[in-house]
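Participant: The hints should help you fit chain B onto chain A, whose structure is shown.
In the order they appear, the protein sequences are chains A and B. First residue of the first sequence: 1, per my numbering; consecutive thereafter. First residue of the second sequence: 1, per my numbering; consecutive thereafter.
Derived pair list, reagent style DSBU-like, types lysine-lysine, alpha-carbon separation capped at 35 Å:
#: 1; chain 1: A; residue 1: K39; chain 2: B; residue 2: K96
#: 2; chain 1: A; residue 1: K8; chain 2: B; residue 2: K8
#: 3; chain 1: A; residue 1: K76; chain 2: B; residue 2: K8
#: 4; chain 1: B; residue 1: K96; chain 2: A; residue 2: K8
#: 5; chain 1: A; residue 1: K76; chain 2: B; residue 2: K76
I should point out that these hints are in silico values taken from the structure, not numbers from a laboratory.
Protein chains: 2
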Amino acid sequence: MDRIPILKMGDLLLVTIQVDMHDRLAMTLQDDLTARIVKDRATGVLIDISALDIVDSFIGRMISNTAAMARVLDAKTVVVGMQPAVAITLVELGLKLEGVRTALNVERGVQLLRQAE
Amino acid sequence: MDRIPILKMGDLLLVTIQVDMHDRLAMTLQDDLTARIVKDRATGVLIDISALDIVDSFIGRMISNTAAMARVLDAKTVVVGMQPAVAITLVELGLKLEGVRTALNVERGVQLLRQAE
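Chain A with its partners taken away, still in its complex shape (with noise of 0.2 Å):
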């Protein structure tokens, strides 16, 4: 596993988060979708944790450099599928997804990122 895939859904760019994420794969995912952004055009990005039982501080950070730099390509970030326990952990660890939007599925992320437009 040396690569997160990263698939496009008209403009959009879909990531599922699966496995644990370390410092190399968190920097290929960051250069991966950004290249993928400008290549692709797309207008925005949902990043899927459904699979994720714990968020720890790096993947906190991870996600939100990663819409940082979206958002300064003009992509929009949407964090869908966050089990309960995670967002419980997040406000107990003070970490505050800053800049990135959550929606509860991939459907509704998706209309969040049309309304957005």
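Facilitator: For chain B alone, coordinates are given in the frame of chain A:
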């Protein structure tokens, strides 16, 4: 990693396989997917394997079986994102992925499922 997330997109379900499959994970995926097809009344299933560098006979059979299960539940299956090396291996292994249609990427897979309706 105890289960692979299944994402709902309209009346389609999307599964992105990123990790090496083992028996229990494959069985959990089949249980989850068949339950979700019924629950979400899905008409199609997209299985993205773009993250897989290698597809062995176990995964090949798992994909064929999953497609067969979806079919008896009246949902069509499209495998998307196959890497060139995987296509070579599949043919060399004599695996035909019977009953499974393939598409270059998620977008084309969605088109294929829409046409098939």
